[in-house]
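Each chain is listed here by its residues.
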Amino acid sequence: MLDIAVSYNKYKFLGHEFLTWLWYVIARDQGAFTDSSGSSFSLIIGNRIVCENIVEDNTVETVIIKGDNAGLEEGLLALRKGSVVTELSLSLNYLEQHWEFNLKGENFHFTGFKHPETEKITKKEDREGALLEKIYLYSKAVELIDQVFSDFLKLRLSEKWKTDILNSMKVWIKA
Amino acid sequence: MGILSSTVSLTRYRVNGSFSDAPIEHVEEGIRKFKIQDIDNEPSELSVGWTSLFDPFNPDFEGSSFLVASFFVFSLRIDKKSVPVKVINKYVDIEEKKRLAESGREFLSKNEKKQLKDDVKNILLMKVPSVPNIFDIIWDYDTNRLWFFSTQKAANEELESLFLKSFNISLIKLFPYTLADFELGLSDAEKDLLLKLKPESFME
Chain A
22 MLDIAVSYNK YKFLGHEFLT WLWYVIARDQ GAFTDSSGSS FSLIIGNRIV CENIVEDNTV
82 ETVIIKGDNA GLEEGLLALR KGSVVTELSL SLNYLEQHWE FNLKGENFHF TGFKHPETEK
142 ITKKEDREGA LLEKIYLYSK AVELIDQVFS DFLKLRLSEK WKTDILNSMK VWIKA
Chain W
215 MGILSSTVSL TRYRVNGSFS DAPIEHVEEG IRKFKIQDID NEPSELSVGW TSLFDPFNPD
275 FEGSSFLVAS FFVFSLRIDK KSVPVKVINK YVDIEEKKRL AESGREFLSK NEKKQLKDDV
335 KNILLMKVPS VPNIFDIIWD YDTNRLWFFS TQKAANEELE SLFLKSFNIS LIKLFPYTLA
395 DFELGLSDAE KDLLLKLKPE SFME
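First to last, the protein sequences are chains A and W. Be aware that the first sequence starts at 22, since it is given in this note's numbering, and climbs by one per residue. Be aware that the second sequence starts at 215, since it is given in this note's numbering, and climbs by one per residue.
Calculated directly from the structure, the hints in this document are not laboratory data. Check the hints yourself; a few may be wrong.
[Said to hold, decoys possible] Derived BS3-like pairs (lysine-lysine); straight-line CA-CA distance at most 25 Å:
no.	chain 1	residue 1	chain 2	residue 2
1	A	181	W	328
2	A	181	A	87
3	W	367	W	328
4	W	410	A	33
5	A	31	W	294
6	W	410	A	191
7	W	367	A	31
8	W	405	A	125
9	A	183	W	295
10	W	328	A	33
11	A	33	W	295
[To be verified] Which chain A residues face chain W? A few, computed with CB under 8 Å, are given here:
no.	residue
12	29
13	49
14	144
Everything numeric in this text was worked out from a predicted model, so none of it was measured. The beta-carbon is built from N, C-alpha and C at its ideal position, and this holds for glycine as well.
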């Protein structure tokens with residue numbers, strides 16, 4: 022087991038490559054995924070993408086695309102110049118339920134995390150039930166994202182990454 | 215923003231250990247021992263401790279209120295006070311002039327000035343109410359997973375430090391590498407490949 026701080030910095034790229042791949046998969050397959058029980062779910066790019074490129078003198082160029090109807094061309098242009106996605110806002114739809122969150126690549130922090138609508142708590146005795154419902158709802162989204170990350174990782178560690186996926190991503194970025 | 219808010223921020227941890235027996239009693243002991251201490255009317259600038267998730271300003275942890283189904287639920291509370299430097303300097307100046315007038319001297323020594331500044335700061339800190347920040351925790355003891363409802367660096371550092379002190383168990387933050395290593399069920403061969411992985415270029 023590597024030292025935590027060392028592994029954080031050394032493998033930061035893993036989260037950035039995951040988000041870059043995720044954008045590619047969402048663009049290619051309209052964000053359609055299947056969970057371990059066979060139920061389908063979808064991921065849609067939200068209203069924010071952050072791309073970063075470390076240039077020669079170790080300075081970081083950042084491109085932020087923000088806004089509900091923002092075009093993503095600038096982001097693709099940034100990828101063409103060597104950037105990777107470092108932060109992505111996502112909408113998740115699963116069994117007619119809807120979650121929204123921003124996911125940061127280097128630390129997998131979820132921010133602006135919203136779960137499907139639930140009933141408002143009006144009585145003190147309802148709060149434990151409401152808490153359990155929230156735990157369940159957040160867990161579901163986290164579990165699905167972990168599954169997508171696991172799928173990415175298995176691909177990333179396979180031969181298929183070099184022979185197939187990487188080239189396909191380069192074609193998508195260039196197109 | 216706590217878990218009961220409409221929008222949350224979340225950092226995930228793996229709890230790196232467990233108790234040999236009676237986890238509920240051990241958790242209760244830890245959170246009671248390091249319960250938040252009130253610093254209002256005290257000269258302290260900072261207080262960090264555990265509090266109740268449902269009742270953060272009255273943390274009594276009575277009746278296993280920190281246990282909901284199989285989850286340990288409680289909160290980290292960080293109370294902070296701050297007095298602007300300009301306010302401290304103003305009162306130091308007033309006090310200094312008063313002392314010089316009373317003693318008939320022309321100046322105070324370096325040590326006297328330092329003592330005066332500390333006294334003024336302590337008096338002001340006692341008058342300023344602390345600002346509480348509350349960060350919820352959900353600890354799923356059976357799966358060794360812990361959720362901390364904040365992504366602030368300082369709050370996460372306080373959590374890691376106080377958790378170790380309270381329960382003698384460390385927390386490992388889950389980010390892409392640790393998630394892959396601990397949570398995704400990779401084979402040994404895949405873990406070896408992961409260690410050798412280098413960043414990819416997506417440019418032609």
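Outcome of the hint check:
For the given pair, residue 181 of chain A sits about 68 Å from residue 328 of chain W by alpha-carbon distance, which is inconsistent with the 25 Å threshold. Taking the CA atoms of residue 181 of chain A and residue 87 of chain A, the gap is near 33 Å; set against the 25 Å cutoff, the hint is violated. Taken as a hint, the residue 367 of chain W and residue 328 of chain W pair is broken in the structure, with Cα atoms around 33 Å apart against an allowance of 25 Å. With a CA separation close to 14 Å, the supplied pair residue 410 of chain W and residue 33 of chain A stays within the 25 Å bound.
A hinted pair counts as satisfied when its Cα atoms are at most 25 Å apart, and residue 31 of chain A with residue 294 of chain W does not qualify at roughly 35 Å. About 23 Å separates the Cα atoms of residue 410 of chain W and residue 191 of chain A, which keeps this hinted pair within 25 Å; it holds. Proposed proximity of residue 367 of chain W and residue 31 of chain A is supported: the alpha carbons are some 19 Å apart, at most 25 Å. Under the criterion of a C-alpha separation no larger than 25 Å, the hint pairing residue 405 of chain W with residue 125 of chain A is consistent with the structure, at around 23 Å.
Distance restraint check for residue 183 of chain A and residue 295 of chain W: the Cα-Cα separation of roughly 55 Å exceeds the 25 Å cut-off, and the hinted pair is therefore not satisfied. Distance check on the hinted pair: residue 328 of chain W and residue 33 of chain A sit about 46 Å apart at the alpha-carbon level, beyond 25 Å; violated. Proposed proximity of residue 33 of chain A and residue 295 of chain W is contradicted: the alpha carbons are some 36 Å apart, above 25 Å. At about 6 Å, the closest approach between the beta carbon of residue 29 of chain A and any beta carbon in chain W falls short of 8 Å, and the interface hint on this residue holds.
Hint status for residue 49 of chain A: violated, given a least beta-carbon distance of 14 Å to chain W, over 8 Å. Residue-level restraint check for residue 144 of chain A is violated (minimum Cβ-Cβ distance to chain W is 13 Å; threshold 8 Å).
When held up to the earlier numbered hints, the structure conflicts with 1, 2, 3, 5, 9, 10, 11, 13 and 14 and fits the remainder.
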